[in-house]
Each structure stands twice: as C-alpha cells, then as structure tokens.
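> This is what each chain is made of:
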Amino acid sequence: MIALLSACAAPQARPAPFRARPDSVARGQLFGPFDGRVVDGDTQRPVTGALVQATWTFVSGFGMNAPAGYREWVGSTDTLGYYLIPALADAPSERLSDFHLVVYKKGYAAFRSDRRFEDFGPRADFAQTGYLVELTKWRDDLSHARHLRYVGGGAALAELTAWEVPAAAAELGGQKPALARAPVPGAAGQPALDADDLLLPADLKKATGFEGTFDVSNLQDEPSTPTYDSVHLQARGRDETFDVALRVWRLAPAEQKKQYQRLLDELPRVQERNEIGDRSLRATSEKGDILAAGYADDRRGLVVLIQCGVAQCRTHDVVLTLLRLMKDRADRKFAP
Amino acid sequence: MKRCLCILLAALPAGAWETDSTHLGLTEQAAVASGVHRRLQAALGRSLGWLEPLKVAPAGFVELYRRLELLPPSSGTRPDSRGQQTALGWLRAGALLEGIPAARNRNHFYDPVHKTGLTGKGAGGLGEFVWETVAGDRLPGQGMAAPDWLVAKDNELSLERFWLELERAATAPLPADRDQHLALALMCAGAALHVLEDVGFPANARDDLREYLSLLGGGAADRGSRMARLATFLYGSLGVPAPAKVEQRDKWRAFFTSEDGTGLADVTAARWYSLGTLPDELRKVSDDARPADVLARVKDAQSFPSPMPRELNLRRAAGDAGATLQQGGVCLAAYRVRDERLTWSIPDECAAEQLAAILPVVGGYATGLLDWLFRGQLEVNVRGGTATVTAPGLHLGKGTLRVFVEDAQGARRPAGEAAAAAGEELGRVNLPAGGGAKVVAVFVGTDGAGETIVGIGEREIGK
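One line per chain: the protein sequences are A and B, in this order.
Our numbering numbers the first residue of the first sequence as 132 and each following residue consecutively.
Our numbering numbers the first residue of the second sequence as 23 and each following residue consecutively.
For the record, the hints were derived by calculation from the structure and aren't laboratory data.
By construction, the Cβ of each residue, glycine as well, lies at the ideal position given by its N, Cα and C atoms.
Take the hints with a grain of salt, since some may be wrong.
[As the list claims (entries may be wrong)] Computed spacing ranges between beta-carbons, pair by pair:
hint, chain 1, residue 1, chain 2, residue 2, range
1, B, 270, A, 267, 36 to 46 Å
2, B, 431, A, 294, 20 to 30 Å
3, A, 158, B, 104, 38 to 48 Å
4, A, 305, B, 441, 31 to 41 Å
5, B, 484, A, 294, 28 to 38 Å
6, A, 263, B, 104, 34 to 44 Å
7, A, 180, B, 348, 49 to 59 Å
8, A, 256, B, 81, 44 to 54 Å
9, A, 255, B, 483, 52 to 62 Å
10, B, 125, A, 286, 28 to 38 Å
11, B, 125, A, 328, 50 to 60 Å
12, A, 180, B, 80, 25 to 35 Å
13, A, 334, B, 104, 42 to 52 Å
[As the list claims (entries may be wrong)] Covered stretches of chain B (chain A as the covering partner; in silico rule of three or more C-beta atoms under 8 Å from a C-beta of chain A):
hint, segment
14, 55-69
15, 242-255
Chain A on its own, in the form it takes in the complex (with noise of 0.2 Å):
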C-alpha cells in the first residue's frame, strides 16, 4: 500500500518501446536524448535541413487514462544530416506515456518512429541513439490523403506540407493519387531535379584512388528546384581539396545557352575546348587547387559543371573522365 501510494507522488515514466541503439537490446529512456542522422534512401546522402519534431506525450488518471500535457522539440538536421534531441527537462508531474518522432522534407516521404508509411504498421527498429532515418523520395503513386494523416499536425509540418491539401482533398471525393496530383513545390507541375545518381562516391573511389569517406549532402548555395540541383561529396576530415562538387541545369533551350554562357563568363581561368556534348569547357582556380569540367547537351537542355579539388582529381584528364561518366548516366536518365 505504502509503494503504492507513494509511487502516485513521484513521476514516472512507462517503459520505452524501442531500444537504446540500433545494436543493443537494451531498452530506451522515454526522456531521451535521442540522436541519429537522416539519409536519402537511395543514395545515403545525408538531407540537410529536414524537420525534425520531436514529441512527448503524458497521461494521468487511475485505471481509465487520460490525455494529460506534452512537450514537443523541433529542429532540424544538419549540414551532414545528423539530429540530435536534448533530453526533456522540464517534465510535469503527470506520467510520462509516449515518445515520438516525426522527420520531414519536401519531396521525400515522412518518417515516424512509431509508425511505417508503407502499411502504417509499428516500427520495430527505432533506437534512441545512433539511428539511421532513410527518406523514400516521393513519387506520384503515392496517396497525398494518406500522408497527410502520417504527417499529422502542429503548425511547421502543416505549413510545409500545405502543398499537398488539394490533392488530398481530391483524393477523398474519390480520385486517384496519381490524378489527384499536386505539383512539387517550387514546380510549376514538375518534380524536382535529382543530380543524386550521376555520380556516386564509388565512382570517385575508383576514378582517383581515394580510399577515404565521403559525406554527401547538397551544395548549400541553392534548394533543389526543377531545373537545378547539386550535389557536395564532401571528403570527410580532409580539407576541401578532397572535394568534389556537382551542378546540374536542365533548362528551357535560351535559358540553357544563358547558363552555360554564364559558365564561361563567370569560371575562373576558363577555357572552352568542346570535348565533351555539344559544348564543353575547362577552368582552374586563381591558386590552382581547384579544377573545373562542364559541358552542354542542347537536346537535353543540360548544363552540367563538376569541381573537384586537386588534392582528389590531380588532373583535368581525371576530371573530364568523372564528367563522361556524369554524362553517360544523363543521357540514359533525361530524355531528348
């Protein structure tokens, strides 16, 4: 009686339903912290700046429970995609029910920890530390109506997905996803660029010989949109000789002449010398520890510009070989 009664004094918190790490049995702490980074599932590139919200739910009542408070942490991912969530600090007095996490950005999927999208069965393998969140780029198949309700609310997620309200509002008077389609934000009906799979830290291990690790996120001077994007292979503990940067442009055909122009306008010590598509350049830093490669494909509408730091590409020949590959790919993944 006397462990009872003061047990109703202290608060508690109920038994986490996932582990402390991906590779232990031992059971999570419901108060946290909680770490792990957020990748692209195809790529493993991290997402930077994805939404992560964090939520605490608490109970109180004896027998027939109720919904008693909370406490939510949002923040966001960073450049390497790693988040980390301090430790609840300011817990009330009730106890202590539910933990749960929510990782958004536009043009993937959510993730919850307690849930999967797929079949929005329980999710087994969240770990309170350590753990790896892999994003499933979103595709038109897939039902707005639907993630919506995996989304759930609070004011940053419902501004973020407000994109996907009329198609969702379609999809429930009876339409199909794929004809209750929204446009991907910053798109006027079309997805967005994805420059991800035009060169892989394989292909760079194997042109140059690095035997190092890459950490691959996007290139932090513009978003994504439906004629750019770009990619940042970042050697990792090396300085940014090691580097290798990608930018990609499919454009209307004035807009693409003015870009690659631009290149050769704006690039440091460039020199065009069409080796590469229908024309195609090479420049070099002002201290020579940066080399360029970019080419045009007027058909395909593609400008597209790699710089890698000598320190990796010792050679414009090194160089040029990584940018056939790129244009290899290309011309397989856009259609003329």
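Knowing the structure of chain A, use the given hints to seat chain B on it.
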C-alpha cells in the same frame, strides 16, 4: 506475431480504447469511409471537404482551448495559434475531448443484458472498497449509460448541441460564425463517435471495471486496460483497420442497442469476454471429470449468458500450453487445469486476434453514425426568382424550412420561411429582388422515424 507480442508487451505493458490513439484512428477511418466529405462539399459549400480550414476564435472558448492545449500539435487535433484547423481536425478533436478529463469515460459503458452503465461492482477480486482506498476519487466508480450520456443535459458535447451547431453552420449571417459553428458541430460528432466506439470495447459492454485495473508499467499507480494498451501498440491511430461493413440504422440509439440485439453494445457483449467477466475459477476439476459436467459448471460460473463454451478440451487444458476457446476462428479466451482448478485468462496473443476482429466492426458502426448525423442533404433549384427545395430520399417529417440568400461577401440574410410540406418537395420560396450569389436552404425538424434532422443544401445563383 507471438514472439513480437511477448517481447514488446513485456517491455511495453500498457485503458476502453485509448483516447489519443485508437479513438483517433477509428474516428478518422469512419470519416474517410463515410459520405460526409462529399456532403461538406455539396451541401455546405466546403470545397475541400474534410480538409476545409475552419476557425474557432480562442478568445470565446477558453475552457475548450484549455483542454485542447493538453494535446500535442502532432496529434492533428489541435488548432494553430489563430484557432484554425481542418474540418477533420475538429472531428478528431471532439473524439479526443470526449475522453478529457478521464472521468468522462465512466459514462461510456452500456451493458445491454442488465441495461446499465458502469455500476462499479465489477472491480474484481480485490473488491471495490479496497480499490477506493487505494485510488480514492480517481477510481472510475459509477457512470451514466452511454446512450443516456449522449443526450445528458450536463454533456456540453451532446447530440442536442450537435443539431444546434449544425443548424447555425448554415444559418449564421457571417462566414466566420458559420465556420465556428461547423467546427463545433464536428466536435460534437467526434464526441458522439467516441462514446459509440467505447461500447464496442468488451469491458464497456460488460460493466467490467476490473479490466481497467491492470498494471501498465509506469509505476504501481499506472493502471488501465492492457487490451486497450495492446491496441495502441499494434495499431496506433494510423494503423487502425478500415471499417468492414458500414452499419445503417433509422435511429441513433439503435447504433448502441436495439431489441433485436444488433446494436454495437449488444453484439460486443454477446461475442466477447473481458478480463473481469471470464468464467469464475472452478475447483475440484479432476482428471476424469466429464466435460459435459464441467461445461454445466462453467455456465453457472459466467455473469453473462454469452459467449458460452460448447465444448472443453480438459486434457489439453491440463498440458503445459493449456487450451484456447475459439469462435469463428478467433480466440475468445485461454483456459487451463492445474491442481484440479480450471482457470481462465485472455493472453495477449488472444487479445490481438480479438482486436483484429473487433476494430473493423466498431469502425462500421462509427461510420454509420457519422453518416446518420450528416444525412440531411437538400437540393435547391432556382428558376425565375423562386427557390424550390427538395429532399431526395430523406422521407422527412414535420419541420420548418428556411431559405437564405448569400451576397458576394458571404453574408446571409433570410429570404423566406415555411412549414415544410410532406413529400420530396419541401417547399418553394420567392427570392427577394436584388439577387445574390447563393441560395441556402435549411430544414430543421424530424424524419420519418421521428428522429431529429437538420437538412442543408445550397445553390449558386446562375448555375
């Protein structure tokens, strides 16, 4: 599955359906399966249907917002800082608010055999007095029968409130006021669904308080229903299965209980055991006991007439694994004989099978009630300055028909009123000169079954 349950429930022991998971899922599935999305679009002019944003001014609803603030934004039930969320969000909010505070849940029981709500007598072996000593006034105790609670005067989310708010959602002069009334009507509908869904939980249809006194893992005072916690673990809100068959009834009470035994409480009480209403333990069940004799004793040891075991496998029950009682391919209970004692239980694996069978049925009743609440859809036709209002397929009884004209700014003003005629055509109203953007018709009265109905329809002028 068995292994999964053993591991995770040992780690996650977990009350009727839990408010912020299963109720939300059941209610949302009912919303999606119902025809209300299209009625919101067609009859109430809400082009986004369930996704239409509706605002309830926080300043005017302090107590409502105090309760809503207990819910996390991620629940999809909490309006933003301006007081706005989708129509579906308000329905979900109502389903949640019906469970806050926890004491409301005591009014969500209906035992159709004894025709009572929660009596507090089913606390189990430890006894009501001891539980009251431990839990004090936190013990759920007694409650009003669920159908009576829906029309109780002290229930601010009652059916009477629903009809009033729904009517005002069409008749209030200003758009902002109509938004607010529609949101409130949806909240009342969500609350009604919550109450109905609860009588689909076996313990609530069998006056079983003991079900709610299981340890859930958050300390000695963390008590609740293990079966409800299991439902949360297995399905959450998102994974609740879709309704199996949408039930249709002429009267709202028939969704709960009816003379022919087809109400949700009726079928639930008859089909399932609950933790505290399993057959009592039998002693002196010897190895050579005749199953027919034991069956007769089991019948006397039950507080409800059904379910009733038809046969027992006493040999298997004496084995290490014990035996299970099955009906329709679903486990009803497990039983075993040890030291000449026949005991009954509902293991988690058994409860998981039951949940898979119960939830689609509950969803079907919830969908039916939601459709019933919003069944009043009128058609309005405007020709030559006269609005003709019909009610196809509704078989309306006595009531009043009012017609409003809405101007380009969304303001509505009365255009005419008439006692509705019997038959499909309710009446004709001459519209005032000066025109407008839209004509709106509202019928308030009863249907052919004598039940309250609010019928709404609208037509844009010139279309």
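> If a hint holds in the structure, say so; if it does not, say that too.
Evaluation of the provided hints:
no.: 1; hint: B:270 x A:267: 36 to 46 Å; in the structure: 40 Å, holds
no.: 2; hint: B:431 x A:294: 20 to 30 Å; in the structure: 28 Å, holds
no.: 3; hint: A:158 x B:104: 38 to 48 Å; in the structure: 41 Å, holds
no.: 4; hint: A:305 x B:441: 31 to 41 Å; in the structure: 37 Å, holds
no.: 5; hint: B:484 x A:294: 28 to 38 Å; in the structure: 32 Å, holds
no.: 6; hint: A:263 x B:104: 34 to 44 Å; in the structure: 37 Å, holds
no.: 7; hint: A:180 x B:348: 49 to 59 Å; in the structure: 54 Å, holds
no.: 8; hint: A:256 x B:81: 44 to 54 Å; in the structure: 45 Å, holds
no.: 9; hint: A:255 x B:483: 52 to 62 Å; in the structure: 57 Å, holds
no.: 10; hint: B:125 x A:286: 28 to 38 Å; in the structure: 31 Å, holds
no.: 11; hint: B:125 x A:328: 50 to 60 Å; in the structure: 58 Å, holds
no.: 12; hint: A:180 x B:80: 25 to 35 Å; in the structure: 31 Å, holds
no.: 13; hint: A:334 x B:104: 42 to 52 Å; in the structure: 50 Å, holds
no.: 14; hint: 55-69; in the structure: holds (count 4)
no.: 15; hint: 242-255; in the structure: holds (count 6)
Hint compliance for this structure: every hint is met.
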